Each structure stands twice: as C-alpha cells, then as structure tokens.
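J.: Below are the chains, spelled out letter by letter.
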Amino acid sequence: MLEIRNLSIDFGKGSARVQAVKGINLTIATGETLALVGESGSGKSVTGLALTRLLPEPPAVYSGGEILFDGQDVLKMGAADLRRLRGGKIAYVFQEPSTSLNPVFTIRNQIAEALELHRPEVEDIDAEVVRCLDMVGIVDPAKRLHDYPHQLSGGMQQRVMIAMALACRPQLLVADEPTTALDVTVQAQILDQLRLLKGQVRMGMLLITHNFGIIGGIADRVAVMFRGNIVEEGPTQSVLRDPQHPYTKALIECIPKLGQRRRRLTTIDHSILG
Amino acid sequence: MKMLDQIWVQNLCVVAGYSLLGTVLWYGTRSDRWRAAWKRLKADVPGMGALFVIFAYLLVGTLESLTISAESGNLTLLQKLASGVPQEKSYSAPLAKTTLSVAEPKPLKAVHLLGTDALGRDTLVQTLRATRSALWIGGLTSLIYIPLGVLLGMMAGYFRGWVDDVVQFIYSTVAAVPEILMLVAILMVLGKGLGTMAIALGITGWVGMARLIRGETLRQVERPYVAAAKAMGQSHWKILSSHLLPNVMHLVLIKFVLGFSGLVLAEAILSYLGVGVPVGTPSWGAMIDASRSELSREPLVWWNLTASSVALFILVLALNFFGDALRRAFDPKRGE
Amino acid sequence: MFAYLVRRLLFFVPIIFGVMLLTFVLFFVVQSPNATARRVLGQRATPKAIENWLHNRGYDKPLLINQTPGEPWHDSLFLNQMQRLATFDLGASDVTGRPLAEIFREGALPSLLLTVPAFFASLVMSIGLSLYLVFIRNKAVDLAASLLCVMLMSVPVMVYVIFGQFVVAQVLNYFPAFGFQLKGISTVKFLVLPVCLMVVSGLGSEVRLFRALFLEEMGQDYIRTARAKGASTAVVLLRHVLKNGMINLITLLVASLPFLIMGSLLLENFFGIPGLGNVLFSAIQAPDFAVVQASVFLGSLLYLGGLLLTDICYAWADPRIRLQ
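Protein chains in written order, with our numbering: chain L, 1 to 274; chain X, 1 to 336; chain C, 1 to 324.
Rather than coming from a laboratory, the hints here were simulated on the basis of the structure. The reader is advised that the hints may include incorrect statements.
Keeping only pairs whose Cα atoms sit at most 27 Å apart, straight-line, the calculated DSS-like set for lysine-lysine is [stated by the list, open to error]:
| hint | chain 1 | residue 1 | chain 2 | residue 2 |
| --- | --- | --- | --- | --- |
| 1 | C | 243 | L | 143 |
| 2 | L | 13 | C | 139 |
| 3 | C | 139 | X | 42 |
| 4 | C | 139 | X | 39 |
| 5 | X | 39 | L | 13 |
| 6 | L | 22 | L | 76 |
| 7 | L | 13 | L | 89 |
Owing to the predicted nature of the structure, the values given are computational and were not obtained by experimental measurement.
Extracted from the complex, chain L is given alone in its bound form:
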C-alpha cells in the first residue's frame, strides 16, 4: 500500500542546509502496523508528515526519492490530489491534542469538516459524528457534540482527534507520538483504544514514537530511526528480543520494567554510534 523509496528531505538552503532524512526505505502493507521508533530529531516525525507533503516548503525540500501510495508518487501529485489524499486516505493523530484541536470550533464541527471534505455522501452528519465518537470510546457522545475542546480532558481530546482521523475511513493512520503528551494512565487507555480499533477497522497504521515500551501488542513490525537513517527494521517481537544495532539496544534498555530495580537509565553515547 505504502512504499517509501530512497526518500531524502532537507531543511533550509545554502550553507544552512541540513539533511533531516537521508534516503530511507520503508513499506507498510494494507492493514499492517509499523512502528517508527527514534529519539527526537531523528527524522521520524518529518517522515510521517512527508507522507502527504505536510511539511511547510520552504524550509523543507524533498531532495530525492519517492513516496508511493497505491502506486502513485505523492511527491508528484497536484494540489487537488494531495487534498484528497490528506484525511481521505492518510489521516493523522498528533502529539498535543490540546493545541491540535481548533479552540474556537465545537468538536462536532471539526469532525464534520473532515466528513464534508471526503465523504460528501453522508447525509446525517450529526449521526455520523456520534458514531465516530462512540467508536473511540467517548461516553454519551451525543451530549458532547457541541462541546469545545477546552471543555474536554486531555485523553478525551485525543479520542476526538482519533475519531476525526477515522471519520473518513482512511487506509493509513499516522499516529505521531499519540500518547506522549498525556498522563500515564490515560496513555494506557489511548493505546488500548488504538489496539481495539486495529481489530475493528481494516486500516494500516504508522505509529511514530520515541518509546519502545508502547509498541508491543500494536505494531507488527518496527523500524528504528537514528539521525535520518533507518538503522534497524524487523518484526516487533524479534527486534525487542534480539536487537542488532547498539542504538536499538540502548533504546530498549530505557524501557522501565515492572519489578526491576535500576539505579540509572542507560544513556546513549552518540560518539560511539557515529
């Protein structure tokens, strides 16, 4: 379904030019979940946004490679095709739900906007919005329709974001650090929700995170990104059990485990990794 070939992305121009993504290759099959793991600045979020050319250009420059979605190169698409792709085929859930939702529109209107753009055939918009909210585990969704984002808790806001992404039945959901900004207990709930949805809806997912601890049970495969390169890729269980690259090992070491006493978290020595 999605195939990234040799993708390179630069930022800035002239002497200030920085290469954020350095010729990476990735594939996601229909219905498959891929976790893209790396620390901040590794280029994982940039990759996620690049899938529908959401990076602001300038400063971003797509300097090479292609992003094939159902055989079509996203980087060569016109504006209208890109808009059909965004939200319609590839939908996003971002890190910070409190700022990612527009504060001056009701949640009904924000979800309805997506429906109007990609599913104009829906007649009873309110009913469809209620259905979406129900799907992501919001209790009594009909009462929530006319709430504004600030009236909801962080976890609820993220559920609304997910509902909005699912409203147009995308083929691929890009979840960019979906739980990082949330409290630990809420994190678990949102992850459970994503796991549940994966079973219900036939949809691929790109789960972008810095935390190896959350991908078990969701991701089928995992790719580890470091400084713009993919340094390791494989089935989740085998990577977790037997990481090959020292960076992957270090990241897995960082996962706090129950019943284990640890004085100090592993630090990553970049000089060794080169």
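For this one, chain L is given, so just place chains X and C on it according to the hints.
T.: Below, chains X and C without anything else, positioned relative to chain L:
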C-alpha cells in the same frame, strides 16, 4: 523650559546625549547577546544602510545643535557653514535664475538647488536645519519616557502585588485618554517649545514601554537565575539592576529606535497643529504647515512641501528599517 | 461571561476618576484659572473683566475645600468640577459661551460619517490584504509588500492629505477638495476623498500587524490538523486562521480608536467638515480650554466604551471565555 534657550545648556545637552548613548552601547559590548546581535546586524544590508542614513541625519542635527558666538549674534555650526548662501527677496523655484513672480521677476544672487521659501531663505538649508527639532524631540522625549517606563515596568513585574496594581492603574488611566487629545491638552497648558513637547510626549509615551517591560520582567522572573540570585540573598535593587535590566535592555533599544520614528512623526504633526515648536524654529511639520497654502498659488510652489516631507520620510523610514533590523538581529528566529 | 464583563466594568470606575483628576490637575492646577482667563481674554483685559469672567464660570472658588465661613465646604472648584463631569454637564465654551454639549452634538454626526466608514473600510482592506499576503506565500511579493508597508507607515498623515487633496481634487478634479453638506446622498461625494485618505494613511501599519498575527496563527498546531484533514489553503485561512486571528485582532482594534480621533482632527480641518475634529482644531487655535478639557474627558469615555465593546466581542468570539 527657559533653560533650554541658553547656548551652553544646549551644547552640554548634545555632549551629554552622545555620552549616554555611548555608555549604553559600551555596556552592550560586554554582553554576549549584544555582540552576537551586532555580528548579525553587520551582515544585514538594509539595516546597515539605514544606520548610515541615521548617522547622516545625526551629523546634520548635531551641527545645527552646537552654537557658537559670533559678532553678528549666535550662530549654529550649520548656519556658519551655510553662511555663503544669500537670502533672496521671495520665492524662487529650484535652480531658477529669477524670483518667482509673473509681474516682475528679480534676478537671484545665487543658484538655489531646492529653491527658496516665502522669505527668500534657501529651502535646502531650512530643511537641514529642521533636522534639529526632530532629533531633539526624539532625544529629549526618550530621556523622559525610557527611564520612567523601564523603572515602573520592571517594578510592576518584579514586585507584583500592590506595586503592580498601582502601576497598572496609572498607565491604564493615562492610556484611557486618546494620545493626541492628551498631547494637545498638555501642550496648550504648558505652551509651545521643544522642552514642553518632550514632556507631553514623555507623559503619553511611557505607557507602551512600561507594558512591554512589565511583560518581559514577568517572564524573566520565572527563570531560575532570578530564584538563584534571591537564594543567594541579593537585594531587590541588585537583582533588578544587574540581573533583570541587562536581560530586557535589548527590548529597550529596539523600542527606542522604533519609538524615535514615531516621535519624529509626532513632532511634525504637533507642529503642524500649531502646538509644537515655537514660531521661527525650523521644523518639518511647521514647513509642511506653511506650504499648505503654497499649493494653491499660481505658479505652483511645491518645493518646500516636497523637501520637508521627503527629509522627514527618509529619516522615519531609516529608523523603521533599522528598528526592524535590530529586532531581526536580537531575535533571529522570529524575524523573517 | 457575565461576571467577566462586570469585573471589567468595575475596573473602569477608578480609571474614569483618574482621568477626571488628571484633567483637573492639568487645567486648574498646572495653569491657574487666572492664567486661563488671561490667555482667553488677551493680555489687555482689565482686572474687572477677568474677575467677571472667573466669577461667571465659578472659577473663583477655592481649589479643593471651601473654608469660607457661611459657604458649604463642598462648594469648591474641584468638587464642583467632579460633580459636573459626573452628571455630564460639560459647561460652556470659554470663547463663545455656547454650551459645549450643543457644540459636541452638532459635530458628532459629521465626524461619525467620516470615521465609521473609514474604520470599517480600513478593517476590511487590511484583513483582506494581509490574508492575501499569507495566502500567496511568495517571497518576492512578501518582501515588496513589507517594504511598501514600512514606507506607507513613514509618511505623516498630513502629507497624505495635502497630496490627496491636491492631486485627486484639484488636478484631476474627481471629488470636491473642500466643503461639506449634510444633504442625503450628495454628502457622500464630500466624504469619499477624506475616507480614502484615512484608510490609506493607516493601511501600512495595519497590514503589517495583521499579517504578522495571521502568520503566527498559521504556525499553530490546529492549522496543521486542518491541513492534514485535506482542507485547502483558502479554507484553512478563511475558516481556521481568520476566526482565531480575529480573537487577537479584536484586542488590537481598540488601539485604532485614538488613530481615528487624530485622523478626524487633521482631516476635518483640511476638508472643512464641521465635525468634532474641527471643533478641537479651532479650540487649539482660539485657545478655548473648556473645549479641550471636555474633549479629553469625552475622548477617554469613548476609549473606555470601545474597550468595553472589544471585551464583549472578545468574550463572544472566544468560547474559552464565553463558557467560563
């Protein structure tokens, strides 16, 4: 206010003004942030161009501000330099050979690049002389509103509580009176003059500065370095002067430059309204006011209006450009 | 929301008192009533004439508290002034003796006819232009536009006026250069040029300000969400950026009120429009201190009224305040 009419006071003011500016800049060279900004500013072509233009105006204004005694009365350096330019009988067009009169044109004593005004004075010289009013208003007013605004703004942001309430009450009250009405009222009561104008503009002008500095101080107080200074038992005064002030000083500089352009415009508008400079003091606003009726003359007298507005426009433009360049230099992320 | 507005309203009470105190100090303490009389009546006025003038206006009362036996303690200049302003009794002109309320009422309509269209026209134009600049995102156009804005900002208002009056009215003969008639639709032709000049003179700074505001809005996370939904740039701008930007813009609008006052002060005199600006302009020349004092008081009431209006709009536009 009569003090300002004394020659030695004026000359001293010029020296004092330059020393003050020099001191601030010298303090600036000791700060890493200012040095980095200066490095960026040097690479900023429009900014440096504007700075150059500002220096040219400063030079002209300084020449007009320094007075020397001569046997024919007191002359400014600029007047002394221009003493070779003769006074004609009446209007003459730029580069004309005779005065502007359909009935009986009289021959001119010299060629005037920008023509002459109603009294036959050279327009170029008058325009250059008017620089002084603009710079004095900008300088004197800055001397009033910057210390007032910075001090009150920092105190409000640092002490909060009732100090903040009082400061906010005062500036809300002053801000509640529309600026132009306040200026007109103060100037009508105090009378015309550079000093009174500076006082009036200072009273209305400190509000913006105090708001800006209060906001920034509130932000800075949250930073750990202030808590650290407090924990070390430093006095409030010491924290304000040696920790907070250097961290807001660059904002003061940017506001000073951009505010200066507003003050130059304000001087012109107030002089135009007739509450600005005293009659006889060269000022762009007064020149523009005088040239209103000239546009309905036949033949048309356009050079006085053009010369004064262009001179005013270029200075204000240069100050705006330089202010923007400073902002870019101090905050490279936000500026484009 | 109601509590929010009441709180704002209560905040105004001490400020109005502060303004009253300020004008009193300026017009009765800094310049004594005696000096005022001298300046109004001229240097050659007889002591008797000055005494009469002061007595007729009640300016011969003690300044703060009346300690004269037999007279009530509150019969003082300060307390009388406070009482008068609090009851909107503005007094009479220093020069003509006409009641100020009448003078201001006459001037209000022409001034409103000038400033209200100018306010809305400049608002629409500035928002439109700045949104357009954000929309096209073209480096060369952006640069040219910001250059033009700074240039527009650097020209004093009266140069616009002189230029406009000269070129458009006198040379091209499009609109009357001078004069004003309150006669139905024909009034419009007298107002076109002043309104246009007022709009142009404020355009530079407004477009610059609004553009910065909208650009900041463009960088927000929810704009990325909207784009990720597949919304087009136009929809993003007109729906998401504009509505959020409006909230910040509303607070800036009240700042344009003093600008309108200055505009009408300079323009009305130029075009011979008998509005409040012209009243003030003549009062400056006269000099008529009563008119200026009343203008300061009314001007600040106007400003505070504008502030309250923006607070209401603000609360209405932002659900985070409305649903408090």
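J.: Compare the structure with each hint and give your call.
T.: Evaluation of the provided hints:
1. For the hint pairing residue 243 of chain C with residue 143 of chain L, the CA-to-CA distance comes to about 25 Å; that is within 27 Å, so the pair holds.
2. Taking the CA atoms of residue 13 of chain L and residue 139 of chain C, the gap is about 14 Å. The hint holds against a cut of 27 Å.
3. Between the alpha carbons of residue 139 of chain C and residue 42 of chain X the distance comes to roughly 23 Å, so the proposed pair stays at or under 27 Å and holds.
4. Between residue 139 of chain C and residue 39 of chain X the CA atoms are separated by roughly 25 Å; this keeps the pair inside 27 Å, and the hint holds.
5. A threshold of 27 Å between alpha carbons decides the hint, and for residue 39 of chain X with residue 13 of chain L the separation of about 21 Å falls inside it, so the pair holds.
6. Of the pairs offered as hints, the one joining residue 22 of chain L and residue 76 of chain L holds, with about 19 Å between alpha carbons and a cut-off of 27 Å not exceeded.
7. With a CA separation close to 32 Å, the supplied pair residue 13 of chain L and residue 89 of chain L exceeds the 27 Å bound.
In terms of the numbered hints stated before, the structure departs from hint 7 and from no other.
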